Structures are given as structure tokens and as C-alpha cells.
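**Q** Add chains B and C to chain A, keeping to what the hints say.
Chains as they are written, first to last, in the numbering used here: chain A, 1 to 335; chain B, 336 to 869; chain C, 870 to 1178.
None of these hints come from the bench; they were simulated from the model. These numbers come from a predicted model, not from an experiment. Glycine included, each C-beta is placed from N, C-alpha and C at the ideal position. Hints may be right or wrong, so weigh each one.
What the hints assert, rightly or not - Derived lysine-lysine pairs resembling PhoX-like cross-links, with alpha carbons at most 25 Å apart:
{"id": "1", "chain 1": "C", "residue 1": "LYS1086", "chain 2": "A", "residue 2": "LYS84"}
{"id": "2", "chain 1": "A", "residue 1": "LYS27", "chain 2": "B", "residue 2": "LYS370"}
{"id": "3", "chain 1": "A", "residue 1": "LYS132", "chain 2": "C", "residue 2": "LYS1086"}
{"id": "4", "chain 1": "B", "residue 1": "LYS555", "chain 2": "B", "residue 2": "LYS596"}
{"id": "5", "chain 1": "B", "residue 1": "LYS637", "chain 2": "B", "residue 2": "LYS520"}
{"id": "6", "chain 1": "A", "residue 1": "LYS137", "chain 2": "C", "residue 2": "LYS1093"}
{"id": "7", "chain 1": "B", "residue 1": "LYS640", "chain 2": "B", "residue 2": "LYS415"}
{"id": "8", "chain 1": "A", "residue 1": "LYS20", "chain 2": "B", "residue 2": "LYS362"}
{"id": "9", "chain 1": "A", "residue 1": "LYS20", "chain 2": "B", "residue 2": "LYS415"}
{"id": "10", "chain 1": "A", "residue 1": "LYS7", "chain 2": "A", "residue 2": "LYS313"}
Unchecked claim - Covered, in the sense of this in silico footprint (three residues per stretch, anywhere, with C-beta under 8 Å from a C-beta of chain A), are these stretches of chain C:
{"id": "11", "region": "1069-1075"}
{"id": "12", "region": "1085-1094"}
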Amino acid sequence: MKTKQYKSLLEVKDLQTYFKTDAGIVKAVDGISFDLNEGETLGIVGESGCGKSVTNLSIMRLIQSPPGKIVGGEIFFEGLDILKLPENELRKIRGNEISMIFQDPMTSLNPFLKISTQMVETIRLHQKMSHKEALAKSIQMLQLVGIPVAEEKIYYYPHQFSGGMRQRVMIAMALSCEAKILIADEPTTALDVTIQAQILDLIVELTKKMNTAVILITHDLGVVAGMCDNVCVMYAGKIVEKAKTMELYKNPAHPYTEGLIKSVPRLDRAHKGRLFSIEGQPPNVIDLPDCCPFHPRCHKVMDVCQHHYPPTKDLGDQHEVACWLYVDEKEFPND
Amino acid sequence: MNLLNKQAEPQATNEFDQVIVGNSLSKDAWRRLKKNKMAVISVFIVIIYVLLAICAPILPIYPYDEIILDHQHLKPSLVKNAGQLLMEKRMADLYTQAWREGRFELSEEKDDMIWAWIDKGEVNKVWDYMYKEGNIRMAEGTFVFNTAEQRRIDTLNTKLKTDLQISVKKVWYTPEGGKRINISKLPLEEIVAIYADMVGTTSEIETEQYGREIEQQLLKTIMRQNPDLTTEEYNLLLDKELSGLSERKRDTLIRENIVAKITSQAKDIALFDLKEAAGNESVNFPLNKEITIKGALSASVKATKMHERRYYLGTDHQGRDLLSRIIYGGQVSIAIGFIGTITSVLIGTILGALAGYLGGKIDYFIMRVVDIMYGLPYMLLVIIAMAIFGRNIINLFFALAIISWLTISRMVRGQIMSLKNQEFIEAARSMGAPTRRIIFRHLIPNSLSVIIVFSTLRIPSFIMTESFLSFLGLGVQAPYASWGSLVGDAVAGMTLYPWKLFFPALAMTIFLFAMNFLGDGLRDAFDPQSKNQL
Amino acid sequence: MTKYIIRRLLGVIPTLLVIITISFFIVRVAPGGPFDGERALPEVVKRNIEAKYHINDPLLVQYGRYMFDVLRGDLGPSYRYKDHDVNFYIFESLPNSMVLGVIAISISVIFGILSGMLAAIHQNSWIDYLSMALAVVGISVPLFVIGPVLQYVFAMKLGWLPTSGWFSTGDGWKTVILPALTLAFADFATIARLTRSSMLETLRSDYIRTAKAKGMKSSSIIFKHAMKGTMLPIVSYLGPAFAGIITGSVVVEQVFRIPGLGKFFVQSSFNRDYTLIVGVVIVYSVILVIMNFLVDIVYSLLDPRITYT
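So that you can see chain A by itself, here it is in the shape it has in the complex (with noise of 0.2 Å):
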């Protein structure tokens, strides 16, 4: 049934996802491509409200249909494309190959049933375990992610964790599955900041033992430095640029992810005069006329910024950006 013949583990094409609201169509993720391969890390980053989310959710058909649609693109794990897949191929998929972690480990888990409910219907969905067994593997689950006395708290309720320990919990049943590629949505931004190093931590430490591929989603670049291969920066429902991470660091092409990195505060340099920030709003993705959308915030912003959205260009070393700057002035559309 499954080619073996795939190119990466996962391969997102030209993925549109809109939503149709009373104020008209919202082109939240506006044709995005990306690749992922077995045990790689990648990072996509950008503010909030620039599509990241949806991205994922996309890629696991969990957008709320309506007002979402997929609309156009290809989406493939292992050679199969999910946005063709019916409902109960996909659902062997969920969960199974690819799992996810949600931004809010508050609401995230079911209020009203116990942890160990939760985490044996998961791995009993979808491997053959008596519910001892899969009560067993909880809670190694549970004490691999930390919790101590795991025997007795996995028969508590979601309430009487604290959210480090629930996001934990989310971790565990996530990864009970020994799911090929783990989503992590904004997986601390709900915690405190002490809690969320050891978060994070704790993802790369089990998914590099277990060989797991990671799609980090976050809005700060700090943590993808941290832990990502390759990085994915968004902007307005697009992928602006895509680099290998410490080239994206080392040499930022695109205005936006300069802005973004000089903006992250860093202590192995001097200070000098204040930080800087990226002035203005990110845009609002209803009618968004054709041109580059990061144009009236850009300074290096020229005529045809205005009028054009940038081709992408490769920029050697799978360093690939849109932006004019990158484009010969030859190419430039004329009217």
C-alpha cells in the first residue's frame, strides 16, 4: 500500500487554507511549501496570526470546516497524501505517525476524565495492548516526561496538575504512540519561563531518542536557535524565507527575519541604544491586494514592492527567500 519510494518523510505543497468570515475570505496559509525529513527538526516562525497554526492543524485536517477550508495543495507523509486520504486512513495516521502538542495545556486535555482514561484510549486507538498493558506503558510514559510518583498522580484530573505538569502530561500521551513527526504548537507559550526551558528540553531529549521528526511552531527565534535544523519563517499566510538555521542566522536575507533577529535581545554582544523592533502591524489577511505584504513595514521597500508579490528565489544551500532585493531588476514585471 505505502510507496516507498518518498523523497522526505513529509512534503507540504503549495497548501492554501481560507476562511470564509462575514468580512470576507481570510487566506490564512496562501500556498506554503516545506519538507521535513525522519528525525529533523524544523522551526517555523513568524507573529501571531501569520498562518503557523493553521499550518499544522492543516496538516493534520483538523481545521474547523466551516469557516476553514483546505483549498488547494498537497500535503505528503510517506508518499500519501493526506488531503486525499478518507476519514479512516487518516485517522490510523493521527495520533499514530504523527502526533501533536497544543499551545494551552489548560484546555488541551479533556477536564473531565481522569489522566490515565486519556492516555490508555490512545495508545489502545492504536496499538493492540490489554488496558494493562497500555496502563503500564502510561506510566512510563508519564515518569519518562518526569512525573514523579506517576502510578499514583496518573489517576488524577487534568485540574489538579499545574500547567508545566500538564503540558508534560500532553507530552507523554503525544509521544506513547512513537509517532514519526510531532507537531509542537507554541508548546510554552502558556508557561512560565522557568518551566519553559525544561519543556523544551525534555521534546528534544525524547524525540532525538526516539528518532522523531519535529515541526516546532513558535514566535520566538530564541528557542529555534535552540533546537531547530531548519527554520521556516512566515509572514501574512507565506513562507518568506527558509534556511538550513545557522545560515539563517548567520546571513538573514529577507528584511522581516533581519528585523526579527536584531529585535531578539542577545547578551554576548554589546548594548547599544535601544532594541530594535519592526515598526507597524503585521496586515490583516482579508483582501490583501497583490504585493508584498511586509512592504509598508520594510525598509528597504522599493516601487515594486508595492505592486508585486517577490518570486522565490534559491539562494544556494536550500537558503531560499522572496524578496525583490534578490530579483534581477531585469526580471522585474513592467506596468
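**A** Below, chains B and C alone, put in the same frame as chain A:
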């Protein structure tokens, strides 16, 4: 022509040079409401109802309390007038009688059918059938009425032609050489004198006479309000009432009585005058005329042919026009719905806002009261209140208003509690705004959308409660009507007179539907997130 | 848990006290009552009442005695009937009302939840529209209209069911159907709407998304994960629902001529039989208070987040 050159207002644009359309909450809500077809239709329905209720006195409908006993239980008809319906009824009756006597033969099958109907109590079907069948036979000439029957038909015919409905609009008194005066504007002594003169007695006798009559009237009212008491008790109550009666009230009562007497006299005279004219069709009706009663007394009267009335929705058991009763009943129901809601929302909002804003002991106290009242079967308490304090609209209204502020006060309290910690309230407070101002200028206006939505949904439930009580006979009392009392009156005779149940129920249901749809629409409009919530 | 129950029970007391107090003063101040001095009561009744209330004692003593009696379950003599006291009449009619009420609330809860869930699961389908249309009818049309209409259609026109009566009239259980349906309609409507919206909201919540991401079937998501969250608002609506059933039964018993407590209540309020009215109200209130209490307990059992301290 400066106007034409007026420059377009500079429009706000965003960073992409797109025009930004301003968007206030109310504008936004209004736009969403307009999109909701059911809500828009409902708005129109509600407006029509309210207009009808307000304009009821000037609408060309019969008075809602005008009793014409001849017109009891006439069925609704768009084309036939009361006389024609009465004639139909009479003829159907005669045919049926003839059938019972064996002079009007039907096939055995049909006989069985009719007996089956009679057994089931569906007399209407029998009459309809016999009337149709009878008319066919009359036309064929296979059945004729006998003389007695023919006479009854003729009598009815004459009656239908000559019966008049006379309403006396004003009674005038013309003193010698003076201008005529409306007698209800004269001082009491003069009216008494005029009346005494009219009936040929003296003022003293009349005054005494009226003292007694008032007693009788009071007694009647007491008896109606308190059935099943002994004579002794009635006398006690009467004395109490009489001693409580002020001079002025007594005078008014006497005056009303005498004017009523004179008016009815005028009616009789006019009837006598016009009866003949109606018979030989020498006068056209309706007719407005001024007639002389006696001496210096005259009256303007309006005369119409009683049986030319049309009852589009039929009549009730006292021959009152159902259409008019539904409209006036709607007036009562809608008024109670609106005024009651406003009162309860006012009480609830003020108490809720106080509790929410001040917090502490006041909050605790108000909310405990609300909690305890919530635990009471309040409808039953209203029923008791009505039973004890008398069944009239004012009591009903108070009873309802007192119990229905609970929910709104809880809602407003919640809203205020969440608002009061927001920055703009902090700002107002830091600028030294007094509590009253903060509550009424900042907090309540910001909770307004919640209050509006709630009120709209409250109106139908208020109307339902009122009709519920009226249905039980504990609400609005005759001759007034409300939708509930109309339905309540109709339930007993539902098989024979289905229209009495059908039309008021329909009128009420449509209004309640419209109010509910409107309320839902408003809620969705103000709070789109709640789209799918209750 | 026990502590919690005791605390809730203690909360019930003020409500009951208020009811009994109101009742006492209603009987005292009501015009045309036995204390009014103007009303001539049958000698037997008068003696009964005097014996019961010790009219010459101070008011507070009387109040205390009344309270004590009511708490003991003695509702006093009737103003109107000399043969039996209020307790007798209440116990005679209460079972009928209970049967009607229990059947009605069961119908409304079962069908309300079913149609609400169907509507939510098949949002914007004909099932959704149909059940919501039915719910709007239930909310907009008063039950004293629904009752006669059902009577007219099913009893008079179609002849399937009896118009009125209650068990004894030979039709047996058939007599229950129409009144129970009438009484159930309003609450059915509210529960259906409540279930639908609650279900939709639950289905939109984050933890349902998690369940979906785990690869669960929609049916097991609905029954295992969404059910409890959906039921909570419905359970808390049950309190008002019971109150609605009680008030509704007053009308329904009137329309269908059922010899229940509600019919008694209306009759006695016309007769100004104050002790009987007050007795009925106390009984109703106690039922209501007990129901509210049970609803609270069930709610706290359903929602693990509620602590019993």
C-alpha cells in the same frame, strides 16, 4: 451651488491604500441583524402588532365590549354579514328539524352519517350539510317550508331588516336662549334637576334614589369579587366600602348614573323614531342624526343596521366581535409585556449594577435575596397574590414585575463585575468620577447590549406568563380581554366554535414567534460568538 | 463529599423558612380570611381554626407554633372543607401530579437531549432545522395553546386518544399521553436548544481537538469526550425545568381535567381556601427545593473540577 462641489470626506486608508470602513459595535450588529431574514421579518411583524395595538381606538372596528346577544357565536366570514349568517343558521336549523320530523328524507347512508356526527357532537357538520342539501332541494322544488316555518323565516327577515344599533354620542342641554351644552359638563345639581324634570319628579327624590342605586351597584361589584359570602358578610363589606367613599367619588358615581339613564332614554327614543324608517327603507344607514329627547334635551346619535355588521373573525359567546377583542386583547398583552419588561429590567439592572459594583455586604445581601427567591415556585406565589389582592391588571403587573427582575440582576451583576476591573473604569475612577456616574455613565451603557438582548427575549415570556394567568381566570377580567383570557374562554367550546380558540391562539403565537426570532437575531447580532448558543 | 452535601442542605433551610414565613403571613393578612372577623365560617371550621392557631396568643407564639406544625408535616385544617384537613387533600391529589410530572420531565429530557445532539452533530442539515423548528414552536407557543390544539387534533378530529380524564375513566394509560406531551413540550424545546448549543460549543473546544488529533472516531469522541461537557448546562437547567413542570402542570391539569395538585390549587385560590393554597405551595416548594438540591449534587458528581470543601 456649493453643495455639488462639496468635497468627499477624506477616507481612512490602511497601509495598503485600502479604504477602512469604520466599524462600531452597534453598526456591526445592525449589519448582521439585517442579514438575518427571520429577524427582519420579525421586526416588521412586531411593528405591525404594536401599531395595531396603539391605534386600536381609531381603527374601524366594533367596540370590544359591545354585547349583541343576537350575534352569539357567529362564525367568521369574509363575505357574509351577521344577518345572512343568522338566516343561514335559522334555515339549517329548520331543515334539520324537518329531517328529524321525517319531512326531509335522506338516503339511509346519509342518515347514518348524520347520526354519527351527532353522536360525536359535531353539530357544525350537520348544519353545514343540511343547509347545503336543503338549499338544493328548495331550488329543485322538492322541499318547501310549511307555514309555521315560513312564518319564522319571515319574522327573522323583518327583524334583520329593522333591528338597529344605536349609539348615543353626546347628549346636549339647550337652556332658553343659550348655547347648547354637553350635559356631562354641567354641574351635578343641574343634571339632577334636568333629569328630575324629565321624568317628572323632584331633585330630592332623585338624589335619594341614586344613593340607593349606588349601594346596589357597589354590592354587585363586591359580590362579583367575592363570590360565596353570606348576606351578613356582604352588608359588612358594603358598609366598609360606603364609608370609604369620598363625597367627590359619590358625586361622580351619581353623575355617571344619571348620564347613563338619560343616554339610554335617548337611545330608546331614537330607536322608536327610526324603526319605521328602517322597515320601509326610506332612510339610508348608517345615519347620524340629532334627536330631541324632551324639552331642552337633545342627543346626537349614530344609527346602524345591527345585522349588517360583518365579523371577519366571528363572535364570542356574548356576540362581541372577536377581531376587535383580539386587537384590544393584544393591546393589553403587549402593554404588559413591554411595560413589565421595562420595569423588571430597571429594577434588575439597578440592583445588579449596585451589587456588582459595590460588592461586599451589599452584593452578598442582594444575591442572597435573589438566591432565595429563585428557590421559590414564584408563579404559584403570583397566583396566590392574584387570588388574595384581587384580579386586576395593576395587581397582575406588580406581581409579575416583582418576581421577574431576578435573572436580569444576576446577568448585569456578572457583566459589571467583569467590566469594573477594566482600565477605562480605573481611569474614570482615578479622575475622581463619583460612583453614581461610573455606574450609570460607564458600566451600564457598556452592558447595554446584554440588557437589550435579554429584554427582547423577556417580553415574550412576560406575555406568556400574563396569558397563563389570564387563561386560568386569574389575570385580566371581563370585559377586558387579553390573548390568554380569550384562549381560556374558548377552550370549553372548542369543538363547536373552533374559531374562538384558533384566532387568538394564532395571533398570540405569531407575535411570540416574532419576538423570539427577533431576540435570537439580536443576540446573534450583538454577540456573534453566541451564534449557536441558547 | 458528605461535608458538601451537608453544606448544600444547610443552604436549603433559608428558602424553606422564607416560604413558611410568607405562607403564615399570607394566611394572617388575607382579606376575607378567618382572622378578618368579617367572614362567617361554618362553626366546625371556625372551631378547628381557633384550636389550631390559638388566636388569642401573641403573634410570635402563633408563628412559632405554625412553623413547628409545618415542619412536622401538619398543614392545618381547610377553610372550606370540614371533613378533612389540608394534608388529606394534598395526599389525595399529589400522586396524580407526580405521575404526570415525572413522565413529562422524562419525555422532555430524553427527547430534548436526543434531538439536540442530533441537531448538533448534523449541523445545518434537515435534522438540525427540523428539531430547531420544533424547539422554536415549543418555546413560542404557550402550553395552554398546545394542550387544546393537541386535544382538538388527536382526540376530537382523529379520535386516537381521549380528550380528558385520568386513568380511572376506562382509557387507562392513554389518558396520560396528551397531557404529558403538552407538559413536556416547553422543556423539551429548551433542552433541545440547550443541548445543541452546548454540544456545538464542546465540539469546538480544545480538548475535542486533542481527541481528534489522537485519531479517535467521531462517534467515540462524542460519547466519550463530549458527553459530560455537553450535559453540564443541561443538568443545571433541570432545576428551572422542574419549576416549569410544576407551574405548567397547573394549566395542563386544568385543560385535561386531571384531579391533581395543580387543579386543586387553582380551585382553592378561587375559593379563597387560604390554608389549602398555602399548603399546596409549601408542598411544591419542598419538591422544588429537593429537586434543586439533587441537581446540585448530580452536577458536582459530573464535574470533577468542583471541590467538596
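**Q** Is the Cα-Cα distance between LYS20(A) and LYS415(B) 25 Å or less?
**A** 57 Å, violated
**Q** Would the hint linking LYS137(A) and LYS1093(C) be met if the CA-CA limit is 25 Å?
**A** Within the cut-off at roughly 21 Å; holds.
**Q** Need the status of pair LYS20(A), LYS362(B): alpha-carbon distance at most 25 Å?
**A** With a Cα-Cα distance of about 21 Å, the restraint between LYS20(A) and LYS362(B) holds, given a limit of 25 Å.
**Q** Hey, LYS640(B) versus LYS415(B), does the alpha-carbon distance stay inside 25 Å?
**A** 14 Å, holds
**Q** Given the hinted pair LYS132(A) and LYS1086(C), is their Cα-Cα distance within 25 Å?
**A** 22 Å, holds
**Q** Please work out if LYS27(A) and LYS370(B) have their alpha carbons no farther apart than 25 Å.
**A** 24 Å, holds
**Q** Three residues or more, CB to CB closer than 8 Å: is that satisfied between the region 1085-1094 of chain C and chain A?
**A** holds (count 4)
**Q** Is LYS637(B) close enough to LYS520(B), meaning Cα to Cα at most 25 Å?
**A** Judged against 25 Å, a Cα distance of about 21 Å means the pair holds.
**Q** Decide if the proposed pair is consistent with the structure: LYS1086(C) and LYS84(A), CA atoms, cutoff 25 Å inclusive.
**A** Given that 25 Å is the threshold and the Cα spacing comes to 18 Å, the pair holds.
**Q** State whether the coverage of the region 1069-1075 of chain C by chain A holds or is violated, taking the criterion as 3 or more residues with Cβ-Cβ distances under 8 Å.
**A** Our answer is that it holds, as 3 residues pass the Cβ test (under 8 Å) against chain A, meeting three.
**Q** Next pair to validate is LYS7(A) with LYS313(A); report whether the Cα-Cα distance is within 25 Å.
**A** 22 Å, holds
**Q** Going straight from one Cα to the other, do LYS555(B) and LYS596(B) come out at no more than 25 Å?
**A** 18 Å, holds
Hint violations for this structure: number 9 only, all remaining hints satisfied.
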